[in-house]
Amino acid sequence: DAGVIQSPRHEVTEMGQEVTLRCKPISGHNSLFWYRQTMMRGLELLIYFNNNVPIDDSGMPEDRFSAKMPNASFSTLKIQPSEPRDSAVYFCASSLIRNTIYFGEGSWLTVV
Amino acid sequence: QKEVEQNSGPLSVPEGAIASLNCTYSDRVSQSFFWYRQYSGKSPELIMSIYSNGDKEDGRFTAQLNKASQYVSLLIRDSQPSDSATYLCAVSLTSNQFYFGTGTSLTVIP
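Residue numbers (the numbering used here), protein chains in the order written: chain S, 1 to 112; chain D, 1 to 110.
Treat the hints with care, since some could be wrong.
[Unchecked claim] List time: in silico BS3-like cross-link candidates among lysine-lysine, alpha-carbon distance up to 25 Å: (1) D:67 x D:56; (2) S:24 x D:42; (3) S:24 x S:78; (4) S:68 x S:78; (5) S:78 x D:42; (6) S:68 x S:24.
[What the hints assert, rightly or not] Not close to chain D: a few residues of chain S, all C-beta gaps over 10 Å, as computed: (7) 80; (8) 85; (9) 93; (10) 95.
[To be verified] Restraint ranges, calculated between C-beta atoms of paired labels, are given here: (11) S:20 x D:78: 39 to 47 Å; (12) D:75 x S:110: 32 to 40 Å; (13) D:75 x S:15: 43 to 51 Å; (14) S:20 x D:53: 21 to 29 Å.
Derived from the structure by calculation, the hints contain no laboratory data. Note that CB positions come from ideal geometry on N, CA and C, so glycine has one too.
When you get a sec, could you build the whole thing from the sequences and use the hints?
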């Protein structure tokens, strides 16, 4: 079975550019999570969706970040404009509601 | 106050010893509890889940939960060098929010 699929795996971009991270959850899972991981702050929950509906986006750092889930098999996390402090690993994860969550391999973002 | 607290370590144990990892959480409505292992450069992977008070054993791993004390732990028996990783404690709330601790770095010395 395919796990959570994220793209791109690695991205290096210049400050001010738009970054779009993509995620395909595990088929049949109805919850999707976006996390950001840094050495300083660990794994932070940015936003999560239940049945394609954003439930809690209080972890989104600021208006430069936005996330969408247009259907059950696809989600995007967008940063516009990007800043060096956005450099981190961004993980997408999915689950059945109130069950174990499974992570994708992450998108390693470097903003220079 | 963070929802989930862990000692960041690093924790070092000799090969064959018992490694003990601890986690406390602040939200009393937390429903489910998980331990994830993360190797450097990789994504977190589930080791154990526990939902009720007491111990749960799976091979060399034992998870312990005490809801009254808001405490969950992970014991690794007969530690191996391959167990060297960062261990993340996670709790989920009734609203399906999952919160992670910052992780404890474990090194098993051959």
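Each hint tested on the structure:
At roughly 14 Å between alpha-carbon atoms, residue 67 of chain D and residue 56 of chain D fall within 25 Å of each other, so this suggested pair holds. At most 25 Å may separate the alpha-carbon atoms for a hinted pair to count; residue 24 of chain S and residue 42 of chain D meet this at roughly 18 Å. In summary, the hint linking residue 24 of chain S to residue 78 of chain S is supported, as the alpha carbons are separated by about 15 Å, within the 25 Å threshold. Taking the CA atoms of residue 68 of chain S and residue 78 of chain S, the gap is near 9 Å; set against the 25 Å cutoff, the hint holds.
Proximity of residue 78 of chain S to residue 42 of chain D is assessed by CA-CA distance (about 22 Å); at most 25 Å being required, the pair is judged to hold. At most 25 Å may separate the alpha-carbon atoms for a hinted pair to count; residue 68 of chain S and residue 24 of chain S meet this at roughly 12 Å. The Cβ of residue 80 of chain S sits about 25 Å from the closest Cβ of chain D, beyond the 10 Å cut-off, so the non-interface label holds. At the 10 Å boundary, the C-beta of residue 85 of chain S stays outside the reach of chain D, the nearest C-beta of that chain being 18 Å off.
At roughly 8 Å, the least C-beta separation between residue 93 of chain S and chain D is not larger than 10 Å, which violates its mark as non-interface. At the 10 Å boundary, the C-beta of residue 95 of chain S falls inside the reach of chain D, the nearest C-beta of that chain being 8 Å off. With their beta carbons about 45 Å apart, residue 20 of chain S and residue 78 of chain D fall inside the hinted range of 39 to 47 Å. Checked against the hint of 32 to 40 Å, the pair residue 75 of chain D and residue 110 of chain S passes, with Cβ atoms roughly 38 Å apart.
As the Cβ distance of residue 75 of chain D to residue 15 of chain S is approximately 46 Å, the hint placing it in 43 to 51 Å holds. In this structure, residue 20 of chain S and residue 53 of chain D break the distance hint of 21 to 29 Å, their C-beta atoms being roughly 44 Å apart.
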